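A.B. asks: So the chains spell out like this:
2 protein chains.
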Amino acid sequence: MEDLQRNTVGEDHASNPTVFFLSDSTGITAETLGNTLLSQFPGQRLERKTIPFITTVEQAREVVATIDRMAGSGPRPIIFSTAVGHDIRAVLAQSRGLFFDLFGTHIGQLETALGASASGQPGQAHGLGDAVRYQSRMAAVEYAIEHDDGQSLRALERAELILIAPSRCGKTPTTMYLALQHGILAANFPLVEEDFDTMALPKPLLPFARKCFGLISQPVRLSQIRQERRPNSNYASLTQCTYELRNAEEMYRANNVPYVNSASMSVEEISATVLQRMQLHH
Amino acid sequence: MEDLQRNTVGEDHASNPTVFFLSDSTGITAETLGNTLLSQFPGQRLERKTIPFITTVEQAREVVATIDRMAGSGPRPIIFSTAVGHDIRAVLAQSRGLFFDLFGTHIGQLETALGASASGQPGQAHGLGDAVRYQSRMAAVEYAIEHDDGQSLRALERAELILIAPSRCGKTPTTMYLALQHGILAANFPLVEEDFDTMALPKPLLPFARKCFGLISQPVRLSQIRQERRPNSNYASLTQCTYELRNAEEMYRANNVPYVNSASMSVEEISATVLQRMQLHH
Numbered sequence: 001m002e003d004l005q006r007n008t009v010g011e012d013h014a015s016n017p018t019v020f021f022l023s024d025s026t027g028i029t030a031e032t033l034g035n036t037l038l039s040q041f042p043g044q045r046l047e048r049k050t051i052p053f054i055t056t057v058e059q060a061r062e063v064v065a066t067i068d069r070m071a072g073s074g075p076r077p078i079i080f081s082t083a084v085g086h087d088i089r090a091v092l093a094q095s096r097g098l099f100f101d102l103f104g105t106h107i108g109q110l111e112t113a114l115g116a117s118a119s120g121q122p123g124q125a126h127g128l129g130d131a132v133r134y135q136s137r138m139a140a141v142e143y144a145i146e147h148d149d150g151q152s153l154r155a156l157e158r159a160e161l162i163l164i165a166p167s168r169c170g171k172t173p174t175t176m177y178l179a180l181q182h183g184i185l186a187a188n189f190p191l192v193e194e195d196f197d198t199m200a201l202p203k204p205l206l207p208f209a210r211k212c213f214g215l216i217s218q219p220v221r222l223s224q225i226r227q228e229r230r231p232n233s234n235y236a237s238l239t240q241c242t243y244e245l246r247n248a249e250e251m252y253r254a255n256n257v258p259y260v261n262s263a264s265m266s267v268e269e270i271s272a273t274v275l276q277r278m279q280l281h282h
Numbered sequence: 283m284e285d286l287q288r289n290t291v292g293e294d295h296a297s298n299p300t301v302f303f304l305s306d307s308t309g310i311t312a313e314t315l316g317n318t319l320l321s322q323f324p325g326q327r328l329e330r331k332t333i334p335f336i337t338t339v340e341q342a343r344e345v346v347a348t349i350d351r352m353a354g355s356g357p358r359p360i361i362f363s364t365a366v367g368h369d370i371r372a373v374l375a376q377s378r379g380l381f382f383d384l385f386g387t388h389i390g391q392l393e394t395a396l397g398a399s400a401s402g403q404p405g406q407a408h409g410l411g412d413a414v415r416y417q418s419r420m421a422a423v424e425y426a427i428e429h430d431d432g433q434s435l436r437a438l439e440r441a442e443l444i445l446i447a448p449s450r451c452g453k454t455p456t457t458m459y460l461a462l463q464h465g466i467l468a469a470n471f472p473l474v475e476e477d478f479d480t481m482a483l484p485k486p487l488l489p490f491a492r493k494c495f496g497l498i499s500q501p502v503r504l505s506q507i508r509q510e511r512r513p514n515s516n517y518a519s520l521t522q523c524t525y526e527l528r529n530a531e532e533m534y535r536a537n538n539v540p541y542v543n544s545a546s547m548s549v550e551e552i553s554a555t556v557l558q559r560m561q562l563h564h
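Each protein sequence line maps, in turn, to chains A and B. Sequential numbering from 1 applies to the first sequence in my numbering. Sequential numbering from 283 applies to the second sequence in my numbering.
By construction, these hints were calculated from the structure, which means they are not laboratory data. It should be emphasised that the depicted structure is a prediction, and the values quoted were computed from it without experimental measurement. Virtual Cβ for every residue (Gly too), placed ideally from N, Cα, C. Heads up, some of the hints might be wrong.
[Said to hold, decoys possible] One-sided excerpt, in silico: chain B residues whose CB lies under 8 Å from chain A:
# : residue
1 : L384
2 : H408
3 : D430
[Claimed, not checked] If you want the ones that stay clear, here's a sample from chain B, every Cβ over 12 Å from chain A, calculated:
#  : residue
4  : T338
5  : E340
6  : R351
7  : A372
8  : E439
9  : E476
10 : F490
11 : P501
12 : N514
13 : L520
14 : T521
15 : R535
16 : N537
The following block holds chain A by itself, in its conformation from the complex (with noise of 0.2 Å):
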């Protein structure tokens, strides 16, 4: 609470209202439904604020007081809350903010559908709840780690995804992602020059080739980014680029390896798309 007070925070607030996200829990769904929710007003420059662990009706109290002040000589806060509590959430919604109620506003309607009752305890959603889950991702990221970039053949039968592709298309962060996510094994592995040699998988994935998941760019997009790692190289030029990947797609298609185009994805949207199409959801 006093990190609170010694931040600077809704130093603009005479231009635009500060956004906080208020949780007697860590705050990501908090963070996730209202920056969804804000990513539709990007014109808007507003000050983001998290607040997590708000566990007891006295730091609600000054979380409020805080909100109350900036209301008072700004425009009026916007406020995401998560938290479960009833007494916490009450003294929240009484804040000068505008509140918006996460977990009250669908709650009510749950409990009928599922003639159960909201256990009340914060802290499911991101703790660590199921513990074979939890565990089951703790591994996959140091499985993600030992395998990233093809440095570790051993243990690849285990994997339930390989990622291919060209030299900085996007694999490592989204084997990270599927891995800390999703739990997902995912071992990732380059094709360089030599690959291309003939049109089979590289002879580590050969029996492994219903796990390959391709990864493709635009040449113009990867050479790019490949300048940044090494400039003026022949392994950042456009020939290269375009030659390493119009070799890939050819390799995917005959091997009928599924395979995306990355060049304008997010790790987020990469992900979704391979957890789709490789019918991975645990």
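Given chain A, work out where chain B should sit, using these hints.
C.D. replies: Showing chain B alone in chain A's frame:
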């Protein structure tokens, strides 16, 4: 869409409703809020199906047909939707499922508060979005891999955060999470027995004491985790774990390094705590 029909969604829907996460983008926000709400009903075993990238009215109609078939032969499906497009939302809302319109519920109030109209463009939240921010996240993932487990001491001055802890307290997945989700340049550094000869920070960290955050754990828990890696080793013994954890905590205190006991915390909870305590939110 074909994938959906081939799939055995809702096989056991005699007893429990199937939950759908629908989106014209990745579906991440629908999953996040939906799962947060559902985590309040831990007794329910619900089958869950994400259908991302519903970008045409025809696709929306196919999804509705699938849901309606299910509604005809079992409990009413539950739908969490973050679809943005007006026409697509209108079609999805006509299904016989219980429809939670996570976008439409709040967007009107937000338009009023901000005095602006929603752009109506899907995919703004988990797409490439702000290119600078996106590139900084991807660069942070690379940095995290390069600086995992003290592997590289190069460019430690670029780190915004250095997580320090004895082996297996959760440094690596926390670093990856902070890099991938928040674009934090985070290194991590293992504390080993020799580091405890004095209570000073290890030499490479001395110039960066203010960037350090420590983790400890519970001896029994740590011993269990280490047993999985190296059964019956001194490394995994309760004596050794107790020794390392006690000394690590003493080192943190002696050097004013903030720290947290991660034994019963998820990587999301550790990350939210680190962000809050180190004032690192971007």
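A.B. asks: So, for every hint listed, does it hold in this structure?
C.D. replies: Cross-check of the supplied hints:
1. L384: The hint holds - L384 (chain B) has a Cβ within 8 Å of chain A, the shortest such distance being about 6 Å.
2. H408: 4 Å, holds
3. D430: 7 Å, holds
4. T338: 16 Å, holds
5. E340: Its Cβ never comes within 12 Å of chain A, the nearest being 17 Å, so this holds.
6. R351: 19 Å, holds
7. A372: 17 Å, holds
8. E439: Given that every Cβ of chain A is farther than 12 Å from that of E439 (chain B), nearest at about 20 Å, it holds.
9. E476: For E476 (chain B), whose nearest Cβ neighbour in chain A is about 25 Å away, the distance exceeds 12 Å, so it holds.
10. F490: At about 21 Å from chain A, F490 (chain B) clears the 12 Å cut-off, so the statement holds.
11. P501: Answer for P501 (chain B): holds, closest chain A Cβ roughly 18 Å.
12. N514: Holds, because the least Cβ-Cβ distance between N514 (chain B) and chain A comes to about 21 Å, which exceeds 12 Å.
13. L520: Holds, because the least Cβ-Cβ distance between L520 (chain B) and chain A comes to about 21 Å, which exceeds 12 Å.
14. T521: Check passes; 25 Å lies beyond 12 Å.
15. R535: 20 Å, holds
16. N537: For N537 (chain B), whose nearest Cβ neighbour in chain A is about 21 Å away, the distance exceeds 12 Å, so it holds.
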